[in-house]
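Participant: Sequence:
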Amino acid sequence: CVVYATVDKAKQHQGITAFIVEKNFKGFSTGKPFHKMGVRASATSEVFLEDCEVPEENVLGEVGMGFAYTHETLSWDRSALLAPFVGGLMFALEQCGQYATDRVQFGKPIKSFQAIQHKLADIKVVMEASRMAVYRVAHDKDSGQPLNHMHLSIAKAFMGDWGMKAASEAVQIFGGYGYIHDYPIEKMLRDAKLAQIGGGTSEIQRFIISRLMSF
Numbered sequence: 001c002v003v004y005a006t007v008d009k010a011k012q013h014q015g016i017t018a019f020i021v022e023k024n025f026k027g028f029s030t031g032k033p034f035h036k037m038g039v040r041a042s043a044t045s046e047v048f049l050e051d052c053e054v055p056e057e058n059v060l061g062e063v064g065m066g067f068a069y070t071h072e073t074l075s076w077d078r079s080a081l082l083a084p085f086v087g088g089l090m091f092a093l094e095q096c097g098q099y100a101t102d103r104v105q106f107g108k109p110i111k112s113f114q115a116i117q118h119k120l121a122d123i124k125v126v127m128e129a130s131r132m133a134v135y136r137v138a139h140d141k142d143s144g145q146p147l148n149h150m151h152l153s154i155a156k157a158f159m160g161d162w163g164m165k166a167a168s169e170a171v172q173i174f175g176g177y178g179y180i181h182d183y184p185i186e187k188m189l190r191d192a193k194l195a196q197i198g199g200g201t202s203e204i205q206r207f208i209i210s211r212l213m214s215f
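Sequential numbering from 1 applies to the sequence shown in this note's numbering.
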């Protein structure tokens, strides 16, 4: 794993260096995987370092550049989170459309009810807007220019909050069935919450956006 450690407290953030710590190093261990609410296919656990010595050749990059590296990697971590959530919205819309076609109430498919039509439309709007925001971030990366933090934070904030709302609406379309594990839609709601938290919360994204706005 990559560990960012303070090697010179006097230099504050410029005293942070990145290291590659291999799992066979003495003093390195991990805890049991956390029992997370969502995104369970990705294991997450604590890392313990007890008198763990790391050789000089395992310094990642330059000494003292760890803080700068965290900013860069965190930004790309945020961008990497975006596309899977767009895929999740696409899956949710597909599932909701099929369920609304198959589910019959009062002698007709529930997709014929305006309330359900509006919910399906709302999910579609969020999905397409999120996809366009992700494409813009991807274009920024492909252009070879420095990462546009405004574009990234806008995409992250939008997908986090509106993606969560869309996932909630998807559960609402399924009704009681959306609340049980027999149907996949409840997983979408649990997974969607990570977009508001992982890689920087929605509140942090708004802070970044407001700081970059030139008024």
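Read the hints as simulated data drawn from the structure, not as lab findings.
Quick caveat, the model's predicted, so the values are computed rather than measured.
Note that beta-carbon positions come from the ideal geometry of N, C-alpha and C, so glycine has one too.
Careful, some of the hints might be misleading.
Claimed, not checked - In the EDC-like style, the derived pairs of lysine to aspartate or glutamate whose C-alpha atoms are separated by at most 16 Å in a straight line are:
hint	residue 1	residue 2
1	K36	E46
2	K141	E72
3	K119	E94
4	K26	D51
5	K111	E94
6	K111	D122
7	K193	D161
8	K32	E46
9	K124	E169
10	K165	D102
11	K23	E62
12	K23	E50
13	K124	E94
14	K193	E203
As the list claims (entries may be wrong) - Computed Cβ-Cβ distance ranges for the label pairs, DEER-style:
hint	residue 1	residue 2	range
15	K26	Q98	50 to 56 Å
16	Q145	A115	41 to 47 Å
17	S214	F25	43 to 49 Å
18	S45	G87	33 to 39 Å
19	M65	G31	26 to 32 Å
20	M65	G175	50 to 56 Å
21	K141	G198	15 to 21 Å
22	P55	H181	43 to 49 Å
23	Q105	I204	41 to 47 Å
24	G87	Y4	27 to 33 Å
25	S210	R40	30 to 36 Å
26	T201	K26	32 to 38 Å
27	A138	G107	44 to 50 Å
Participant: All the hints need checking, so say for each whether the structure fits it.
Facilitator: Outcome of the hint check:
Only pairs whose Cα atoms come within 16 Å are accepted, and K36 paired with E46 is accepted, the gap being roughly 13 Å. Of the pairs offered as hints, the one joining K141 and E72 holds, with about 12 Å between alpha carbons and a cut-off of 16 Å not exceeded. The straight-line distance between the Cα atoms of K119 and E94 is roughly 13 Å, inside the 16 Å bound, and the hint therefore holds. Annotation: proposed proximity of K26 to D51 holds, straight-line Cα distance about 8 Å (limit 16 Å).
Straight-line distance between C-alpha atoms of K111 and E94 comes to about 13 Å, which keeps the hinted pair within the 16 Å bound. For the suggested pair K111 and D122, the alpha carbons sit about 14 Å apart, so the restraint of at most 16 Å is met. Our distance criterion of 16 Å between C-alpha atoms is met by K193 and D161, whose separation comes to about 9 Å. As the CA atoms of K32 and E46 are separated by approximately 7 Å, the hinted pair is consistent with the 16 Å bound.
For the proposed pair K124 and E169, the alpha carbon gap of about 11 Å is at most 16 Å, so the pair holds. Under the criterion of a C-alpha separation no larger than 16 Å, the hint pairing K165 with D102 is inconsistent with the structure, at around 24 Å. For a cut-off of 16 Å, the pair hint linking K23 to E62 is broken: about 22 Å separates their Cα positions. Proposed proximity of K23 and E50 is supported: the alpha carbons are some 13 Å apart, at most 16 Å.
For the proposed pair K124 and E94, the alpha carbon gap of about 10 Å is at most 16 Å, so the pair holds. Between K193 and E203 the alpha-carbon distance is near 14 Å, which keeps this suggested pair within the 16 Å criterion. At roughly 54 Å, the beta-carbon separation of K26 and Q98 lies within the given 50 to 56 Å, and the hint holds. For the hinted restraint 41 to 47 Å between Q145 and A115, the CB-CB distance of approximately 45 Å keeps it satisfied.
One distance hint, 43 to 49 Å for the beta-carbon pair S214 and F25, holds here, with the actual separation near 47 Å. For the pair S45 and G87, the supplied restraint of 33 to 39 Å is violated, since their beta-carbon distance comes to about 25 Å. Under the hint 26 to 32 Å, the C-beta atoms of M65 and G31, about 29 Å apart, fit the expected range. At about 53 Å, the beta-carbon gap between M65 and G175 stays in the expected band of 50 to 56 Å.
Separated by about 19 Å at the C-beta atoms, K141 and G198 satisfy the suggested range of 15 to 21 Å. A hinted range of 43 to 49 Å for the beta carbons of P55 and H181 is consistent with their spacing of about 47 Å. At about 42 Å, the CB distance of Q105 to I204 agrees with the hint of 41 to 47 Å. Taken as a hint, the range 27 to 33 Å holds for the pair G87 and Y4, whose Cβ atoms sit roughly 30 Å apart.
At about 34 Å, the CB distance of S210 to R40 agrees with the hint of 30 to 36 Å. The hinted window of 32 to 38 Å between T201 and K26 holds, with their beta carbons roughly 36 Å apart. Taken as a hint, the range 44 to 50 Å holds for the pair A138 and G107, whose Cβ atoms sit roughly 46 Å apart.
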